[in-house]
Amino acid sequence: DTEVTQTPKHLVMGMTNKKSLKCEQHMGHRAMYWYKQKAKKPPELMFVYSYEKLSINESVPSRFSPECPNSSLLNLHLHALQPEDSALYLCASRGWEGTEAFFGQGTRLTVV
Amino acid sequence: AQSVTQLDSHVSVSEGTPVLLRCNYSSSYSPSLFWYVQHPNKGLQLLLKYTSAATLVKGINGFEAEFKKSETSFHLTKPSAHMSDAAEYFCVVSPSRTITNAGKSTFGDGTTLTVKP
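From first to last, the protein sequence lines stand for chains A and B. Anchor point for the first sequence: position 101 equals 101 in my numbering, and the numbering is continuous, going up by one each time. Anchor point for the second sequence: position 52 equals 52 in my numbering, and the numbering is continuous, going up by one each time.
So that you can see chain A by itself, here it is in the shape it has in the complex:
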């Protein structure tokens, strides 16, 4: 199984809502990533988890809260988002540095 599965595929939320994005992989990868991608732009790194510990936070606002419950799961908790947070959110995993990252299909988030 070489898939990274993200749910939901689409999400519309109000600025006062709380929602969560979920990412799952069963490749035994110990590094997992959240990216944000705006239209016509490359993905921007948000967070990196290595061995289930947060190793990189790219100065992301606290309204985004990552969580890694176990080595296969990665969540992104969303609260009080702004319309400019609307984007495609991508999850990825990697087995070892220098090897390729596997990306999920993304969650298209719209904040209204």
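Some hints here could point you the wrong way.
[What the hints assert, rightly or not] Simulated crosslink set (PhoX-like; lysine-lysine; CA at most 20 angstroms straight-line): (1) B:69 <-> A:38; (2) A:53 <-> A:9; (3) B:58 <-> B:69; (4) A:36 <-> B:104; (5) A:9 <-> A:36; (6) A:22 <-> A:40; (7) B:42 <-> B:68; (8) B:116 <-> B:49; (9) A:9 <-> A:19; (10) A:22 <-> B:58; (11) A:53 <-> B:104; (12) A:9 <-> A:38; (13) B:42 <-> A:36; (14) A:40 <-> A:53; (15) A:19 <-> A:36; (16) B:49 <-> B:69; (17) B:58 <-> A:41; (18) A:9 <-> B:42; (19) B:42 <-> A:38; (20) A:41 <-> B:69; (21) A:41 <-> A:18; (22) A:40 <-> B:58; (23) B:68 <-> B:58.
[Claimed, not checked] In silico contact screen, one side only, chain B against chain A (beta carbon under 8 angstroms); selected entries: (24) 94; (25) 95; (26) 108.
In short, the hints are calculated from the structure, not lab data. Note that CB positions come from ideal geometry on N, CA and C, so glycine has one too.
Guided by the hints, dock chain B onto chain A, whose structure is given.
Okay, now just chain B, sitting in the frame of chain A:
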């Protein structure tokens, strides 16, 4: 430190003609290099990778890339474009193997490939 420059933001070709997407990189160590393709509202799919083995790398869907250290380039080619190749392409550089198993990849700004019938 590392960086990636995709030299063309848009490339337009006719179906059946060759494709060339250009990528230059800089890195203070031996990097790993990747090309990914992204179709609209989809995730990124790996086309091919260079990880210090053969300099001519073959990927999926007929794509190839050649790692040229002297030119710090990793250009992507395909002999004959197909309509389904129309997409966004990203060149990515990553640190080679480290102990920490995590780190930052650097993405190019992307090249939009249009294929005309």
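We went through each hint and held it up to the structure:
no., hint, result
1, B:69 <-> A:38, "violated (32 angstroms)"
2, A:53 <-> A:9, "violated (26 angstroms)"
3, B:58 <-> B:69, "holds (17 angstroms)"
4, A:36 <-> B:104, "holds (14 angstroms)"
5, A:9 <-> A:36, "holds (14 angstroms)"
6, A:22 <-> A:40, "violated (24 angstroms)"
7, B:42 <-> B:68, "violated (30 angstroms)"
8, B:116 <-> B:49, "violated (27 angstroms)"
9, A:9 <-> A:19, "holds (13 angstroms)"
10, A:22 <-> B:58, "violated (33 angstroms)"
11, A:53 <-> B:104, "holds (15 angstroms)"
12, A:9 <-> A:38, "holds (16 angstroms)"
13, B:42 <-> A:36, "holds (13 angstroms)"
14, A:40 <-> A:53, "violated (31 angstroms)"
15, A:19 <-> A:36, "holds (16 angstroms)"
16, B:49 <-> B:69, "holds (15 angstroms)"
17, B:58 <-> A:41, "violated (26 angstroms)"
18, A:9 <-> B:42, "holds (10 angstroms)"
19, B:42 <-> A:38, "holds (12 angstroms)"
20, A:41 <-> B:69, "violated (27 angstroms)"
21, A:41 <-> A:18, "violated (26 angstroms)"
22, A:40 <-> B:58, "violated (27 angstroms)"
23, B:68 <-> B:58, "holds (15 angstroms)"
24, 94, "holds (6 angstroms)"
25, 95, "holds (6 angstroms)"
26, 108, "holds (7 angstroms)"
Checked against the numbered hints above, the structure breaks hints 1, 2, 6, 7, 8, 10, 14, 17, 20, 21, 22 and satisfies the rest.
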